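Colleague: Given next are the chains, with one letter for each unit.
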Amino acid sequence: MTGALAETLPAAGALDVDAIRRQFPILHTTMHDRPLVYLDSAASTQKPRAVLDALLQVYERDYANIHRGVYDLSQRASALHDAARRKVQRFIGARDWREIVFVRNATEAINLVAYSFLRPKLGPGDEILVTEMEHHANIVPWQLVAGETGAKVVAAPITDAGELDLVALRERIGPRTRLLGVTWVSNVLGTVNPVEEITALARRAGVPVLVDAAQAIQHRPVDVSALGADFLVFSGHKMYGPSGVGVLWGRAELLEAMPPWQGGGDMIEEVSFAGTTFNDIPFRFEAGTPDIAGVIALGAAVDWIEGLGMALIDAHETALMAYAERAIRQVPALRLISEPKERSGALSFVMDGCHPQDIGTLLDLDGIAIRTGHHCAMPLHARLGLPASARASIGVYNTTDDIDALVASLRRVADMFG
Amino acid sequence: MEASQTIAEAAQSIREEFALFDDWRERIEHIVELGKSLPPLPPEHKTPQNKVSGCQSQVWMIAPLDPATGRLRLAADSDAFIVKGLIALLLRLYADRTPREILENPPVVLDEIGLAKHLTPGRSNGLWSMVKRIRELAARAAAEPAPA
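Chains as they are written, first to last, in the numbering used here: chain A, 529 to 946; chain B, 32 to 179.
If you are wondering where the hints come from, they were derived from the structure by calculation, not from laboratory data.
Since the structure is predicted, the reported quantities are computational estimates derived from the model, not experimental observations.
Each residue gets a CB set at the ideal place from its N, CA and C atoms; glycine is no exception.
Possibly wrong hints are sitting among the right ones.
Stated by the list, open to error - Far from chain B by the CB rule (all over 10 Å, computed), these chain A residues:
#1 Ile548
#2 Leu601
#3 Lys649
#4 Thr687
#5 Ala850
#6 Arg854
#7 Pro884
#8 Asp886
#9 Leu890
#10 Pro907
#11 Arg939
Claimed, not checked - Simulated DEER-style distance windows between Cβ atoms:
#12 B:Glu47 <-> A:Ile554: 54 to 62 Å
#13 A:His560 <-> B:Glu167: 28 to 36 Å
#14 B:Glu47 <-> A:Gly881: 29 to 37 Å
#15 B:Lys77 <-> A:Gln858: 13 to 21 Å
#16 B:Glu167 <-> A:Asp932: 44 to 52 Å
#17 B:Pro137 <-> A:Leu836: 22 to 30 Å
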């Protein structure tokens, strides 16, 4: 960590980022013979040793199928899996472990809510309200159920700064609005939405709210008991956990009233050809053998994050993002595509005379991993009048050195196309 | 695009040209320069129908058959310079060729000069989507009755 950041961090209790980096083996590898500079954590974070060890340890010492065997090994695996659920419950402030449903990722969580919670309530003319800054995962599942029922998906607008227009959002909530789906932090704009204010608006109108926390969970404290939302979703792989496991949190009374979405083992109470009765929540929504090791390793990721402390993570990342924003503005011909009052995690930009794909390809050769394209947010790019953008996004392991490398490489790109 | 050159000869000239560069930065800079000098496709051809899918940038491609020569007048454009540079290389190989010549000569030279390794073409820059489209256009033209 170099001088500028150190000055901006609180003197006491700051994170030792060099020590954190040592816990990530992949950060010490190379790309095109250059040291890897990983600035694509909004797509997926890298994994610390503690998570890698947890995965390996499950398979080496504690692995059997869960909730079935009477033998000790199965009991042990089941206990670890159950413990992970309670870790996630505590991590997000849920009042009941039964409100935590393990799924594959945030996308699957939204699909589950779309099909099990919302679809039975939808009819022709009903509306599902989202925003222009949503990821495709918070648009397409709603379009699928809307298409089947004659309902439609409508979007609340954003301002030119890349923030939600709350006045317009309130106006879009009408008598036919059956659900509001909103992201906490935009994966492209980096905008932090005032989710508590938004859930309050929706609640006053009696509209249930799903919060997409995929880009929030790794950056800021999440407390569902204070949020006022009905559902909250996130992916494990964006919070230093393994890929293949995600979380749906839902208020227990809503989950209890929801029918199963997928059928199979573990989600049943009694099965006969005369009819089947279903298990309690959350098992009703977890058909088949789950990602046992993945869930346990997600629990390890929660432990790891809590060991660092979310407040310190937030402080480090906020300071680094401010540094990045100042530095990147100095690159000739570069323009940030959003100017939100509060930014988290991601910094997206375009450069005059140069396509984002050109930027990404040239940075790749310098060992720098950023994301280019539409970032699964085509309606947002249409609103911005851009076919694509380039995005640098950070995790707790990034330093001012990474930002300096990014900016130096972007200057070379500007020279080449200038 | 010298009409007298065969695809094999064009491939050899590309091979020799890229052998002059020491490292990948220089090669990519050369591809960018090729892209900058690629003549733009007239806007009326930039239609959804002519768009090549599977590319992160936008790519448009046409290949009208010249009835006099039986050759395809291949032309393409992109909004990204590196992709335009790749198009320039593809045009040197395939513009003004007969469908049969195109179908009989896959672009192995692009592998030989290391593009596959350094530009991950399968996944994001659309090189192979463009090659696939060229071959589809050639196959379609080959299947049509020969011009009178």
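Colleague: Next step is simple, just say for each hint if it's right about the structure.
Modeller: Cross-check of the supplied hints:
1. Ile548: 29 Å, holds
2. Leu601: Label holds. Min Cβ-Cβ 41 Å, cutoff 10 Å.
3. Lys649: Answer for A:Lys649: holds, closest chain B Cβ roughly 36 Å.
4. Thr687: 27 Å, holds
5. Ala850: Answer for A:Ala850: holds, closest chain B Cβ roughly 30 Å.
6. Arg854: At about 28 Å from chain B, A:Arg854 clears the 10 Å cut-off, so the statement holds.
7. Pro884: Its Cβ does come within 10 Å of chain B, the nearest being 8 Å, so this is violated.
8. Asp886: 5 Å, violated
9. Leu890: Per Cβ check, A:Leu890 is inside 10 Å of chain B; nearest 7 Å; violated.
10. Pro907: 17 Å, holds
11. Arg939: 14 Å, holds
12. B:Glu47 <-> A:Ile554: 54 to 62 Å: 39 Å, violated
13. A:His560 <-> B:Glu167: 28 to 36 Å: Holds, since A:His560 and B:Glu167 (Cβ atoms, about 32 Å apart) stay within the stated range.
14. B:Glu47 <-> A:Gly881: 29 to 37 Å: For B:Glu47 and A:Gly881 the Cβ distance comes to about 30 Å; the hint holds.
15. B:Lys77 <-> A:Gln858: 13 to 21 Å: 35 Å, violated
16. B:Glu167 <-> A:Asp932: 44 to 52 Å: Because 46 Å falls inside the window, the suggested range holds.
17. B:Pro137 <-> A:Leu836: 22 to 30 Å: Roughly 52 Å apart at Cβ, these two residues miss the hinted range, so it is violated.
The structure shown violates the earlier hints numbered 7, 8, 9, 12, 15 and 17.
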